[in-house]
Amino acid sequence: MAVEMLSYIERKSPVHQLTGVTKLVCFLIWSTVAMLTYDTRVLLFLFLFSICVFIVSKVKLKEVAFVLLFILFFLMINNLAIYVFSPQEGVKIYGTSHVLVEISGRYTITIEQLFYQINVTLKYFTVIPAAILFIVTTNPSEFAASLNRIGVSYRISYAVALALRYIPDIQRDFRTIALSQQARGIDMSRKEKLPRRIKNAASIIIPLILSSLDKIEMISNAMELRGFGKNKQRTWYRARPFQKIDILTLILFTLILLVSLYVTFHDGNRFYNPFS
Amino acid sequence: MKRKNLSIKTIVAIGIGSAVFAILGRFAVIPTGVPNTNFDTSYGFLALMAIVFGPIAGGLIGLIGHALKDAIFYGTPWWSWVVVSGIVGFLIGLASKKINIEAGKFPVKNIILFNVIQIVVQAIGWFVIAPSLDIFIYVEPANKVYLQGLVAGGLNMAVVAVLGTLLLSIYAKSRSQSGSLTKDL
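First to last, the sequence lines map onto chains A and B.
Take any residue in the first sequence, note its place counting from 1, add 1, and you have its number in this note's numbering.
Take any residue in the second sequence, note its place counting from 1, add 7, and you have its number in this note's numbering.
The set of hints was computed from the structure by calculation and includes no laboratory data.
Please read all numbers here as calculations on a predicted model, not as lab measurements.
The C-beta atom is built at its ideal place from N, Cα and C for all residues, glycine as well.
Treat the hints with care, since some could be wrong.
[Said to hold, decoys possible] Think about it this way: if two alpha-carbon atoms lie no more than 27 Å apart in a straight line, the pair counts; the simulated DSS-like pairs of lysine-lysine are: (1) B:K180 x B:K190; (2) A:K216 x A:K233; (3) B:K104 x B:K180; (4) B:K180 x B:K112; (5) B:K16 x A:K233; (6) B:K104 x B:K16; (7) A:K216 x B:K112; (8) A:K216 x B:K16; (9) B:K104 x A:K216; (10) A:K200 x B:K151; (11) A:K192 x A:K216; (12) B:K180 x B:K16; (13) A:K200 x B:K180; (14) A:K200 x B:K112; (15) A:K13 x A:K59; (16) B:K112 x B:K190; (17) B:K190 x B:K151; (18) A:K59 x A:K245; (19) A:K93 x B:K151; (20) B:K116 x B:K105; (21) B:K16 x B:K151; (22) A:K231 x B:K16; (23) A:K216 x B:K180; (24) A:K13 x A:K63; (25) A:K216 x A:K231; (26) A:K61 x A:K13; (27) A:K13 x A:K245; (28) B:K105 x B:K151; (29) B:K16 x B:K112; (30) B:K116 x B:K104.
[To be verified] Output of the computed footprint for chain A on chain B, the stretches with three or more beta carbons under 8 Å from beta carbons of chain A: (31) 20 to 30; (32) 74 to 83; (33) 100 to 113; (34) 116 to 125; (35) 149 to 161; (36) 171 to 177.
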């Protein structure tokens with residue numbers, strides 16, 4: 002496939018051995034902490050910790066580099082945009098102003114602004130390794146089983162499993178349709194003008210959607226024939242029992258959650274303020 | 008058959024719908040020239056699925072589809088916007104009872120109704136909820152996220168108005184019209 006996407010990478014490592022449930026719960030805890038906190042100390046700790054887990058997982062940087070490059074590019078644009086739109090946001094948050102470089106008017110660079118933008122970037126950096134790791138170390142089938150295990154109804158878990166199963170198929174359909182339309186001279190690429198491009202895009206999307214609607218019909222018939230949804234519960238081929246390491250990991254992550262929230266909020270403010 | 012649980016067809020629609028949403032959101036986007044804002048065709052598809060399969064399917068397709076797209080193509084789900092995709096799908100889906108697309112007709116009256124609803128729903132979603140979540144979670148500057156919401160929301164409205172309406176009328180034509188059979192005497 003020409004376009005790269007993140008997918009499960011089979012490997013022997015402690016991170017891979019954890020059950021899907023453990024990884025899902027840990028990922029949710031991680032996202033929650035990273036969303037709630039803005040404390041630089043907590044963010045730094047989370048970032049370094051996730052780097053360590055990354056090394057333990059034996060996933061090579063090369064294997065996920067394409068996503069990382071994209072994210073770095075995005076973060077750069079985002080940082081520029083923050084500065085352009087609100088160059089004194091840091092001053093507003095931390096309440097002091099240490100001027101670093103004098104530039105006309107409101108675009109004066111302050112230490113507070115730099116510190117704030119470093120925090121914003123760090124906030125993304127704490128989630129990204131965790132999210133990437135979760136995706137590349139969790140088998141998709143086991144992921145659906147895990148969703149069911151943490152309380153999501155098995156019907157919806159199965160829908161997620163179906164989505165993961167069919168993304169490559171639909172990607173292939175999309176390419177096939179796009180190529181056959183291009184053979185007829187219908188181009189969706191940069192070479193066409195915008196209104197024409199939108200019209201041409203429609204001529205690729207409509208066949209794709211109609212064929213997907215047919216697929217829905219076919220798959221639901223097949224599932225109905227096999228008696229899907231007859232019982233209240235369902236067993237999963239990929240579900241695995243908890244091991245000692247799972248319980249230890251869960252305890253560790255719960256501790257991280259509690260300590261981070263305590264450190265963040267004990268002074269009544271999400272931010273760590275080194276200026277006061 | 009009991010209707011209490013989700014029907015098998017709805018479950019499959021959620022699964023396949025999420026996959027199509029993710030693929031369209033990754034490959035069938037047309038950059039407008041303004042950085043980080045695209046003419047994103049997947050929202051036209053989301054509107055179609057919400058009207059055909061109802062609010063629960065619409066909401067879950069938005070939620071699962073957007074989360075998967077972010078996760079596998081961009082490395083990390085952007086929760087504030089994922090949630091809004093879910094809300095938009097769900098709310099547009101609420102109109103599915105009023106717009107009975109399975110009847111095989113999509114008259115002007117319903118086209119107007121559909122577009123009024125989608126514009127109101129998306130205005131709430133992209134202009135209010137998404138930027139507010141961005142400010143709450145990421146503490147980004149207010150004027151930046153509101154502008155992003157305004158541009159993205161406006162584009163999504165245009166996509167749904169053009170592509171969503173088109174898809175729905177094509178879909179309606181592919182259904183057999185109610186009352187289309189006459190008794191042969």
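Each hint, compared with the structure:
A C-alpha spacing of about 22 Å is found between B:K180 and B:K190, which places the hinted pair at or below 27 Å, so the restraint holds. Straight-line distance between C-alpha atoms of A:K216 and A:K233 comes to about 26 Å, which keeps the hinted pair within the 27 Å bound. Distance restraint check for B:K104 and B:K180: the Cα-Cα separation of roughly 18 Å lies within the 27 Å cut-off, and the hinted pair is therefore satisfied. For the proposed pair B:K180 and B:K112, the alpha carbon gap of about 7 Å is at most 27 Å, so the pair holds.
At most 27 Å may separate the alpha-carbon atoms for a hinted pair to count; B:K16 and A:K233 meet this at roughly 17 Å. At most 27 Å may separate the alpha-carbon atoms for a hinted pair to count; B:K104 and B:K16 meet this at roughly 17 Å. Straight-line distance between C-alpha atoms of A:K216 and B:K112 comes to about 23 Å, which keeps the hinted pair within the 27 Å bound. A threshold of 27 Å between alpha carbons decides the hint, and for A:K216 with B:K16 the separation of about 11 Å falls inside it, so the pair holds.
The suggested pairing of B:K104 with A:K216 holds, with an alpha-carbon distance near 24 Å, which does not exceed 27 Å. For the suggested pair A:K200 and B:K151, the alpha carbons sit about 31 Å apart, so the restraint of at most 27 Å is broken. The suggested pairing of A:K192 with A:K216 is violated, with an alpha-carbon distance near 33 Å, which exceeds 27 Å. A hinted pair counts as satisfied when its Cα atoms are at most 27 Å apart, and B:K180 with B:K16 qualifies at roughly 21 Å.
Using a Cα cut-off of 27 Å, the hinted pair A:K200 and B:K180 holds, with the two alpha carbons roughly 20 Å apart. Under the criterion of a C-alpha separation no larger than 27 Å, the hint pairing A:K200 with B:K112 is consistent with the structure, at around 24 Å. Simply put, A:K13 and A:K59 have alpha-carbon atoms about 8 Å apart, close enough for the 27 Å limit, and the pair holds. For the given pair, B:K112 sits about 21 Å from B:K190 by alpha-carbon distance, which is consistent with the 27 Å threshold.
Straight-line distance between C-alpha atoms of B:K190 and B:K151 comes to about 63 Å, which puts the hinted pair past the 27 Å bound. Restraint check: the Cα-Cα separation between A:K59 and A:K245 comes to about 21 Å, which is no more than 27 Å; the hinted pair holds. Distance restraint check for A:K93 and B:K151: the Cα-Cα separation of roughly 15 Å lies within the 27 Å cut-off, and the hinted pair is therefore satisfied. With a C-alpha separation of about 11 Å, the suggested pairing of B:K116 with B:K105 holds against the 27 Å cut-off.
Among the hinted pairs, B:K16 with B:K151 is inconsistent with the structure: their alpha-carbon atoms are about 41 Å apart, more than 27 Å. For the hint pairing A:K231 with B:K16, the CA-to-CA distance comes to about 14 Å; that is within 27 Å, so the pair holds. In summary, the hint linking A:K216 to B:K180 is supported, as the alpha carbons are separated by about 19 Å, within the 27 Å threshold. Of the pairs offered as hints, the one joining A:K13 and A:K63 holds, with about 18 Å between alpha carbons and a cut-off of 27 Å not exceeded.
Proximity of A:K216 to A:K231 is assessed by CA-CA distance (about 22 Å); at most 27 Å being required, the pair is judged to hold. For the suggested pair A:K61 and A:K13, the alpha carbons sit about 13 Å apart, so the restraint of at most 27 Å is met. A distance of roughly 17 Å separates the Cα atoms of A:K13 and A:K245; the hinted pair therefore holds under the 27 Å criterion. With a C-alpha separation of about 37 Å, the suggested pair B:K105 and B:K151 falls outside the 27 Å cut-off, and the hint is violated.
About 22 Å separates the Cα atoms of B:K16 and B:K112, which keeps this hinted pair within 27 Å; it holds. The straight-line distance between the Cα atoms of B:K116 and B:K104 is roughly 14 Å, inside the 27 Å bound, and the hint therefore holds. Only residues whose C-beta sits within less than 8 Å of a C-beta in chain A count toward coverage, and the region 20 to 30 of chain B has 10 of them, enough to reach three; the restraint holds. Requiring three or more residues with a Cβ within less than 8 Å of a Cβ of chain A, the coverage given for the region 74 to 83 of chain B holds, as 7 such residues are present.
As drawn, the region 100 to 113 of chain B meets chain A at 0 residues by the rule of a beta-carbon pair under 8 Å; below three, the given contact is violated. Counting residues of the region 116 to 125 of chain B whose beta carbon lies closer than 8 Å to any beta carbon of chain A gives 0, which falls short of the minimum of three for the stated coverage. Evaluation of the coverage hint for the region 149 to 161 of chain B: fulfilled, as 4 residues show C-beta separations to chain A shorter than 8 Å, against a requirement of three. Residues of the region 171 to 177 of chain B lying with their CB closer than 8 Å to a CB of chain A number 3, which satisfies the three-residue condition for coverage.
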